[in-house]
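Enquirer: In order, the protein sequence lines correspond to chains V, S and Y. Going by our numbering, the first sequence opens with residue 9, and the numbers climb by one from there. Going by our numbering, the second sequence opens with residue 15, and the numbers climb by one from there. Going by our numbering, the third sequence opens with residue 7, and the numbers climb by one from there.
None of these hints come from the bench; they were simulated from the model. Even for Gly, the Cβ is constructed at its ideal location relative to N, Cα and C. Some clues are possibly wrong.
[To be verified] With a Cα cut of at most 35 Å, we get these calculated DSBU-like pairs of lysine-lysine:
(1) S:K170 x V:K127
(2) V:K175 x S:K170
(3) S:K141 x S:K170
(4) V:K127 x Y:K124
[As the list claims (entries may be wrong)] Derived coverage of chain V by chain S (criterion: at least 3 residues anywhere in the stretch with Cβ under 8 Å from a Cβ of chain S; other residues may be distant):
(5) 99–107
(6) 131–137
So you can see what is in the structure, the chains are spelled out below.
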Amino acid sequence: MSTPDEVTLKLSSSMLRHGSELPLHARETVFSLDDVSVFYGDYEAIRNVTLPIGKNEITAFIGPSGCGKSTLLRSFNRMNDLIPGARVQGTVAYHGTDIYGPDVDPIEVRRRVGMVFQKPNVFPKSIYENVAYGPKVNGIKGNYDDLVEECLTRAALWNEVKDDLKKSAYALSGGQQQRLVIARCIAVRPDVILMDEPCASLDPIATAKIEDLMGELAKDYTIVIVTHNMQQAARVSDRTAFFTAELDDNGIRHGRLVEFGPTRELFSSPSDKRTEDYISGRFG
Amino acid sequence: MSTINPDATALTAAANSLRRSKPHYGERVIRGLLLLAAVVSVLTTFGIVISLLIPSIEFFTEIPIGDFLFGTTWTPLFMNGEFGVLPLVSGTLVITGIAIIVAIPLGLGSAIYLSEYASLRVRKVLKPTLEVLAGIPTVVFGFFALEFLTQLVLVKIFPGIEVFNALSAGIIMGIMIIPTIASLSEDAMAAVPSGLRDGAYALGSTKRQTAMKVVIPAALSGIVAAFVLGISRAIGETMIVTIAAGLQPQLTLNPLQGMQTMTSYIAAAGSGDLATGSIEYKSIFAVGLLLFILTFIMNVFSIRLVRRFRQVYQ
Amino acid sequence: MSTRQSLEQQPQSFSPQSLSGKGTPLRDRIFMWALFLALAVGVFTLAVLLIYVTVKGWPRLDLRLITNMPSVRDPENAGAQSALTGSIWVITFTALIALPMGIMAALYLEEFARPSSKFQRFIEVNIQNLAAVPSIVYGILGLAVFARALALGQSVITASMTLALLVLPVIIISTREALRAVPRSIRDGSLALGATEWQTAYRQTLPAAVPGIATGTILALSRAIGEAAPLLLLGAVSFITFNPDGVLSNYTTMPIQIFNWTKESREEFQILAAATIVLLLVILLAMNFIAIWIRNRTQKRW
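Excised from the complex, chain V in its bound form:
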């Protein structure tokens, strides 16, 4: 069971967010990336990433702009497939199955791996229909009322919207919209929720609500979050991966994984100089 990663996975169990005693190698992993690189055409946006994502944990990806962290995140649910010329090398294993394998249907992957985007992309429909959309397209028949209530409740939105379910989702504030997107996401009962800078367009109060919600959701879901905001990563995540952009010999930028470890450890005693520079604000 010893892995090369153990060097970076110096665990200090007391530092885990919700007091889990389990070090990562004793936890079940949901994703394990092995030597993953993502290309756009000939351009290698991020190269040679190897890291595991632990079950029911919150893993944060941080790093300066252009380091490929969002690109990497989009390879977890094959959203990169939608970008012409995008290509993934290496293995992205989900519960041991390579999701880029020949038998795998990207649609099935996306049903299990939900995603919340940077800008709250609610559909131009009613609040109710936004939540019911996922189950509907996934062929789940029947009455969605209970499901809608459950999901909105879990997304901490029910009390604010329960009388306005037929209203357009566009009438909601930005923070409410983002919680609606989360409710919409959990309505398909995913296993993993990917969040791509979910608070980037929100004010601090709305951000705090989303962060609280993430803590709640981590009890049932595995969460991977990309964030620009280091304090946010420190506040919410169990584990943090720090990426940076490096110039290669030809002067082309590539994203690289620099360091991966328990969040508090990474923030208090980073093992890499670049991580230290970044989190102390000397860079990026």
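Since the structure of chain V is already known, use the hints to place chains S and Y on it.
Expert: Chains S and Y only, in chain V's frame:
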């Protein structure tokens, strides 16, 4: 790297579940149908070419292509009629020429005014007005050319003018293509980066100098594309010439006389009930083929220009 | 000496007074007015045209225009009913053919085809070309293929199929623009929930693009209603004094009826033509207003 603590049951369950849970045959069928709809446009082009070409080839086995292209007499309905297409071509060119003389200055002037001078409020009124002008059916323009322009205006200026004449049709056709030229030219000028204008103004240029020396040269290929498309529309226009320019094919440059164009010949001959195999019937297609080739070349040229223009400013 | 003098004087030429300038130069003002005049000619002609046909057609702008059939003997009482119903028949089937086909083609090109693949570029250029092919050429196509080869004759369906092909490029182009205006994030949101590409296109992108599609389609159909040239080759010229009773029925349309009357020498027929033009223009203007209304009502939600 081995998977960390692989959970055997989870693994197999997940492996199964990532396969297609239900086949998406419907998805494929729909995709095919959509593709089919997109291919209809290709079939249309194909259909146009074939339906023009086959009767035309038959036509040219009877009438040598040289006689057709360079003959100066067009009398298809006579016994032993002659099929020299030049009178129709000259009619088309004279009327198109008049239309261009009207439409290019007026269309380009309108475009410059809208793009460089008009306030937002003026634009909001005038642009839709031009759109309405563009939406007037050509049969209405034809009626207007014959009943109003010829009989109430032009007869007073040119007492010798014929009731059916090229001048009236040409002028109204020019009015008709103003919106085409104006809106495409304006698009081209709007695409010129405002940095270029700012640069000119910063050097102390007046609005006129900026428009004439900076914006128009920068937008030139887009503007030329607009002209070409406008000319192509004029060549292909049927109703105005059929109604107002008369149906006598004659080789003349006198705009006060009536003329027949390629389009008005097709309309006149095609609206009669010609026998499918007759030479007159086939002549419709030969003239149609010539018309199609002429306009096709202009359209392709115009589309190319626009595309190149867009690439410069993207 | 002189150099030195001029150097000393120079600052004066930049004195604050000179900033007041001499106003817009005369040449520039003439230029602007010339441009305005160019625009005014088009607007003025439009106004004259509208006034002229209204005044000329005024004596016959009454209900007889809609209730009575065309006649060659009795211009005093002749109407344009068969032309009105014929136009409605033809345009209805044009819409039924062109609308689904145009939307499907646009969906394919915008949502399914690999962007900037050779095939897509080919179809794109082809559609742009078709949009500029003279309408009379479509008439030739309809004559050769629908009327004669398919033996549909001089019928409503021949006219509708021909006009459908004529407006198809316009519908495809405007539908694609409407689809393109739907933000990528809506599609991503749907796909990330495990929706298929078709589900995403059908349930999210298409509904969000409906206002834009409606606007473009109405404008395209209003072009088809006013179109006469291709129908000249498709039998609409014959004298029709009955309403169509099916897709294989003979027909006439308003623009064709107008054309027929302009060929008559008696002044009463010219008046009748003007009255029918007013009717046609009112219908077209109504369609344009609906299109603009839809466009304004639903502008920019994202």
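Enquirer: None of the hints should be skipped; say for each whether it holds.
Expert: Now for the hints, and whether the structure bears them out:
Using a Cα cut-off of 35 Å, the hinted pair K170 (chain S) and K127 (chain V) is violated, with the two alpha carbons roughly 68 Å apart. For the given pair, K175 (chain V) sits about 67 Å from K170 (chain S) by alpha-carbon distance, which is inconsistent with the 35 Å threshold. About 33 Å separates the Cα atoms of K141 (chain S) and K170 (chain S), which keeps this hinted pair within 35 Å; it holds. For the hint pairing K127 (chain V) with K124 (chain Y), the CA-to-CA distance comes to about 33 Å; that is within 35 Å, so the pair holds.
Given as covered by chain S, the stretch 99–107 of chain V passes the check, having 6 residues with a CB less than 8 Å from a CB of that chain where 3 are the minimum. Interface restraint, the stretch 131–137 of chain V with chain S: violated (0 residues with C-beta to C-beta distance below 8 Å; minimum three).
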